[in-house]
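Novice: Note that the protein sequences, when read in sequence, are chains A and B. Residue 204 in UniProt numbering sits at position 204 of the first sequence, and the numbers go up by one each step. Residue 117 in UniProt numbering sits at position 117 of the second sequence, and the numbers go up by one each step.
Please keep in mind that the hints were generated in silico from the structure rather than gathered at the bench. Computed from a predicted model, the values in this text were never measured in an experiment. The beta carbon of each residue, even a glycine, is placed where N, CA and C say it ideally should be. Some hints could be false.
[As the list claims (entries may be wrong)] Every beta carbon over 12 Å from chain A, so not counted as near; a handful from chain B, in silico: (1) A9; (2) A12; (3) E16; (4) E37; (5) D66; (6) S77; (7) H79; (8) T95; (9) I111.
[Said to hold, decoys possible] Cβ pair distances, simulated, as ranges: (10) A:A246 <-> B:T61: 22 to 28 Å; (11) A:T148 <-> B:L94: 51 to 57 Å; (12) A:A411 <-> B:G74: 41 to 47 Å; (13) B:H105 <-> A:I265: 36 to 42 Å; (14) A:N395 <-> B:I62: 51 to 57 Å.
The primary structure of each chain is shown beneath.
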Amino acid sequence: MAEPEPPAITELAEINGTSDSRDVLAHATVQAQQSYDDYFVVDIDAHVSEDHFWDEVLSLVDNDYWRDLGMTQFEGFGGKNALLNITPGMSQQSVGGRIGHQGRREPVAGVDGHPFVTAAGRGMDSMGLDYQVVFPSAMLLLGMHPQTEVEVALARAFNRWLTEVILPQDPRLKGMLYLPYNTPEACEELVERYADNDDIIGYTVCSTRNNPVHSDVYLRLYSLIQDSGKPLAFHSGYHWGDPSFAQLNRFLSMHALSFTHYNQIHVTNWIINAMPERFPTIKMLWVESGLAWIPFLMQRLDHEVLMRPSEAPGLTRLPSEYMKEMWYTTQPMERTDMELLEATMKSFNAETQLLYSSDWPHWDWDAPSTITNLPFLSEHAKRNILGLNAARLFNLPTERVKPSAASVLDARPGRS
Amino acid sequence: MSRREVTVASLAELHERGRIVVSIDGTELGLYSHAGEIRAWRNLCPHQGGPACQGKFLPRTIEVVDDAKRAAPGISSEHKSIVCPWHGFEFDVLTGRHVVDERVHLIAVPIRSQGDEVIVSI
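For reference, chain B alone in the conformation it holds in the complex:
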């Protein structure tokens, strides 16, 4: 079946909200804005098929290691994660890849902006 382009949101709104999850004629996807870039991912976790984009969207937890190699958990000011609400699988918002195992990833949806319109291809 051929793809079609659909305008789903305004760019200003997406930048302001950071994440918008929609169903377009039954196709569910999450639109994201982070670090000046936009992405769209299918709302489908590769683990058990959960609604990955409807979970938390939050800064990634990182391991902070000091000069003496002491480690402690911290919160990234740079990276954000899409967290599946079914089981907690976490994916980097810009790459769609699991934060530990890059072979596990979300399905990308082509997305672009034109003026203030966010357009996806489904």
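In isolation and in its complexed conformation, chain A is listed as follows:
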């Protein structure tokens, strides 16, 4: 009898902030191969990590003064935080370095093309994504920047960098225009300037801010967006300087509450001031607040409106009915209680209104398997949430554009 083959033993290295995305995500590629390789998958919220290329963005600032000040800061003490209102010592997302891909440095030596596009492509292939919509990261807090002209200058520069440098290099990457919402006329100018750009599939307001979304200063902006047919997304975030959150002593606590807080305020103002009646065809998308807040707010607002209809005179239906016509992204999807999650998804018709989002490469990202593994969803619902709802909302073609999971694993089987 022949001797059995000796086992093939290979050592796997520690995964850290400089690991190749294909190695970090190799288990996700196996999940894709096993359960959703034939699905059309769109990731509505991934992050550019533009701070890694901040000098490229700063160089595109059109105001001579702010560009010079920004570059001086970049080359001096400010580095990748130049002009931004980030507090580096309070950026604790990586849990003391335990989660290395938050703020990672992708190894791209010898690879042609922009480093971000290379890293994004590896992430898309590894997770089995057809398209990925990229949002800013370091700019998520800009709504709280006290110098509103800085938000405008950085918004214009970022949008140029996104549309001129990044998106043209990979047709699978799409963008949502950053709107400097503290300055409505600048938002209008940007919406008009990029209206015909096919790589820009919507508009983003970073939710961490104190602007009332129903203010009359935004009415022309909303008309322009509604006429464009492209969605308006509110991407939530945090701000430890907000007085209520200053009570919290751990990033965990602040993150848990703030990401739901800002979008709850904006949805409340949007509905109670009858914006869905005044802009009936605008497509509203609420990003990165998870899902658990949605049924809470539906019930809470319905309850209040029934008792105090004179304070919401523009409504012809209950708030929950308007909320069922909005769109939401999945991540970070709370799923420690499947019964609650199932009820939550039923509450807002997730089968047609929910869009998968990874938030990659941020610390609390979700793989597509978080959807395919849900025991209560039909295959039809899973396909809708993972990609077909996004295709309908953003008018994306649904032909497969990603490589097979098998070919991704063949090319690089998760070594580190």
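Starting from the known structure of chain A, fit chain B onto it as the hints suggest.
Specialist: Below, chain B alone, put in the same frame as chain A:
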């Protein structure tokens, strides 16, 4: 399918390095040495299937409470955690259980030493 025993490392090396992660014909597992004991866990996080054993292996963070009930975070000199690099789930290296919710745990792989050989059963 029946299990087979595979020699994967030397005991001295495992004690010295503390953690070795290997793939054996595609089965990934982490070997650990801590407090004179050895363990092996599947390289698979129960949360989202991440490569749990390829993350940090570090002392557990503890809450230090003094006689007046004042609390502050500290670092354990006794317990070590396996930290999944995907999302930070932390598991005790000796029990494989999540440090807060014991119902969440890694999958154990039988491991023993014989002389200087570390042998796992997969």
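Novice: None of the hints should be skipped; say for each whether it holds.
Specialist: Against the structure, the hints:
1. A9: Given that some Cβ of chain A is not farther than 12 Å from that of A9 of chain B, nearest at about 9 Å, it is violated.
2. A12: holds, 16 Å
3. E16: holds, 15 Å
4. E37: holds, 21 Å
5. D66: Given a closest Cβ separation of 18 Å, the condition holds.
6. S77: holds, 18 Å
7. H79: holds, 15 Å
8. T95: holds, 19 Å
9. I111: Holds, because the least Cβ-Cβ distance between I111 of chain B and chain A comes to about 15 Å, which exceeds 12 Å.
10. A:A246 <-> B:T61: 22 to 28 Å: Taking Cβ atoms as reference, A246 of chain A and T61 of chain B lie about 23 Å apart, which means the hint holds.
11. A:T148 <-> B:L94: 51 to 57 Å: holds, 55 Å
12. A:A411 <-> B:G74: 41 to 47 Å: holds, 45 Å
13. B:H105 <-> A:I265: 36 to 42 Å: Between H105 of chain B and I265 of chain A, where Cβ atoms are some 39 Å apart, the hint holds.
14. A:N395 <-> B:I62: 51 to 57 Å: At roughly 53 Å between Cβ atoms, I62 of chain B and N395 of chain A fall inside 51 to 57 Å, so the hint holds.
Hint 1 alone, counting from the list given before, is not met by this structure.
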